[in-house]
Amino acid sequence: MALLEIIDVHAYYGHIHALKGVSLTVDEGEIVTLIGANGAGKSTTLKTISGLLRPRHGAIRLAGEDLVACRPHDIVKKGVSQVPEGRQVFTRLTVQENLEVGAFTRSDPRAIAEDLEQVYTLFPRLKERRNQVAGTLSGGEQQMLAIGRALMARPRVLLLDEPSMGLAPVLVDAIFEVIERLHREGTTILLVEQNALKALQVADRGYVLQTGQVVLADTAEHLRLNEDVRRAYLGIT
Amino acid sequence: MPGIRVARRITGTDVAIWVTGAVLITIVVVGSVSTLASGRYTVRHWVDFLVAGLANGSVYALIALGYTLVYGILRMINFAHGEVFMSGAFTSYFLARSLEQSGMLNARPVVSILLLMALSMATSTTVAVLLERVAYRPLRRAPRLVPLITAIGASFFLQYTFRGLYGSGVRGYPQPAILDGEWGVGAMRILREQVLVIIAAALMMVLLYRFVQRTRTGKAMRAVAEDKEVAALMGIDVDRVIVITFAVGAMMAGVAGVLYALMFGQVRFFMGFLPGIKAFTAAVLGGIGNVPGAMLGGIFLGLVESVGPTLFLDGLGIPAPNQLKDAIAFSMLVLVLIFRPTGILGERLAGKKA
Ligand SMILES: Nc1ncnc2c1ncn2[C@@H]1O[C@H](COP(=O)(O)OP(=O)(O)O)[C@@H](O)[C@H]1O
Ligand SMILES: [Mg+2]
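Just so you know, the protein sequences line up as chains U and R, in that order. Per the working numbering, the very first residue in the first sequence carries number 1; after that it's consecutive. Per the working numbering, the very first residue in the second sequence carries number 1; after that it's consecutive.
These aren't lab readings, by the way, just hints derived from the structure by calculation. It cannot be assumed that every hint is accurate.
[Claimed, not checked] Per label pair, the in silico range of CB-to-CB distance:
# : chain 1 : residue 1 : chain 2 : residue 2 : range
1 : R       : 137       : U       : 156       : 42 to 50 Å
2 : U       : 91        : R       : 20        : 33 to 41 Å
3 : U       : 177       : R       : 203       : 47 to 55 Å
We put the beta carbon where it would ideally sit given N, CA and C, even for glycine.
Based on the sequences and whatever the hints tell you, model everything.
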């Protein structure tokens with residue numbers, strides 16, 4: 001049984017049919033990437049998993065447990081953390097407060113303090129700026145904070161929505177290094193990316209989403225070599 | 001977008017606004033100078049004005065916190081907040097009466113006042129939480145004007161419920177004997193009730209500030225105030241935090257209710273109206289949504305209202321200037337809205353992301 005299963009999910013914004021029967025799975029320890037053009041429904045898929053949008057039809061399960069009936073904060077408690085698109089750190093809270101809020105569902109102060117140190121080891125820049133309000137951080141630092149904040153929940157599955165968006169190439173590389181490192185340490189990740197090339201380099205498997213439907217599902221290696229994928233998403237003719 | 005100013009031409013309205021400003025500043029300066037030059041008031045008088053202003057201002061500040069906390073989280077003005085304050089004060093009146101009759105009020109004044117506050121806080125909290133649940137939560141996705149109108153309706157509903165139950169008369173609020181008279185500090189003498197009000201309000205404000213800044217729930221409140229969806233992604237139960245916010249604001253109003261009733265010695269179904277509007281003014285003055293702003297705004301308004309009429313107007317030969325203190329308070333609201341809509345410390349009243 002897969003750790004995260006999404007089965008034939010349909011989701012709507014009012015009358016807009018944004019997801020038309022999406023199915024995908026993520027196994028324990030895997031990085032799975034979801035690629036697709038702007039407006040394909042990638043963020044909507046993540047919002048539906050996190051419970052911000054309720055699917056009208058279909059099932060979402062974490063380790064066999066239903067998530068559709070749960071409210072967003074309960075889904076976090078069950079082990080799904082999301083780094084939303086555009087980072088969305090709390091700009092008026094300090095760096096440290098952002099991380100503490102990330103651990104909101106947990107209650108063991110010692111374990112939280114340990115994880116805080118781990119996040120600071122992963123992102124030393126954040127430690128230097130721990131008492132600064134997050135609004136004063138650069139885009140790259142905010143992305144690191146957003147990832148660190150999600151890790152503070154000790155998620156069973158980490159959902160990343162376009163973590164490289166709007167970042168300079170060096171920072172994109174840094175973010176992908178962090179993703180690979182988390183993967184080596186055993187974190188299960190569902191990665192949404194527009195930077196399909198990078199995403200397919202780190203992922204084990206991938207899904208291609210087109211106007212709310214999965215049109216391709218394969219190993220990352222096969223997708224990288226697929227003619228259609230190369231033409232449409234990798235900019236290679 | 002806050003913070004972005006578009007360059008524009010100077011219009012007739014601008015000129016009118018600036019002329020008004022200049023005239024007001026002239027009145028204030030000329031009035032103050034001639035009042036001080038007349039020598040009719042001694043230092044003692046001014047100290048009395050200041051202390052009274054501080055006491056009143058502390059009460060405004062406590063109530064203003066309720067407006068600002070709710071606005072910070074829901075971008076909504078809870079116009080029924082004055083009635084949340086009234087409900088607590090009015091309910092505690094009945095306890096105060098029976099404490100007086102049993103002799104407890106004078107025998108154990110500290111315990112009595114704490115009991116009055118506990119009851120007032122409990123009532124205000126219940127009212128505020130019910131309001132949120134019944135009147136505001138179902139409208140959370142409605143256009144902004146809808147909950148605003150509902151709040152005004154709720155305000156009338158509460159006023160007329162108390163009027164229907166207990167009549168429209170003024171009821172004398174018993175005061176423990178310990179609060180009669182003055183305490184002297186050197187040459188200065190301060191009414192005892194004012195000492196109580198200032199100390200109790202300061203204590204509550206320190207507690208609230210620490211709660212918002214330091215505790216887990218306080219941090220969750222600030223996270224929800226910034227972005228509800230992202231806060232939910234942190235595992236925060238947003239509805240619960242909203243209820244807590246209403247409750248915390250109501251507790252401040254509950255304490256303010258007892259302090260106000262002790263200071264003025266009476267309760268009435270309509271008593272929430274004026275302090276409510278003044279506290280709203282104070283919240284806007286300090287920058288609505290901003291917690292220290294509400295505290296500063298309340299104290300500032302109390303001081304100006306107490307010192308202002310005599311200082312600005314007496315020297316101009318205006319008779320009984322104290323009658324004009326409400327006019328001064330609301331002129332300040334209008335002036336702030338014209339000249340500095342962000343308030344002293346805060347953000348814009350309109351146009352922020354909900
Ligand atoms: N809040 C919303 N209200 C209405 N339509 C939306 C909303 N968010 C997204 N959509 C629509 O749903 C579709 C999928 O959007 P999204 O999931 O954001 O795409 P992606 O993340 O792949 O770029 C698009 O057609 C988009 O216009
Ligand atoms: Mg997206």
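To see whether the hints hold, each was checked on the structure:
1. 137(R) to 156(U): 42 to 50 Å: Since residue 137(R) and residue 156(U) have Cβ atoms about 32 Å apart, the given range 42 to 50 Å is violated.
2. 91(U) to 20(R): 33 to 41 Å: Distance hint for residue 91(U), residue 20(R) holds at roughly 36 Å.
3. 177(U) to 203(R): 47 to 55 Å: The hinted range 47 to 55 Å holds for residue 177(U) and residue 203(R), with Cβ atoms some 51 Å apart.
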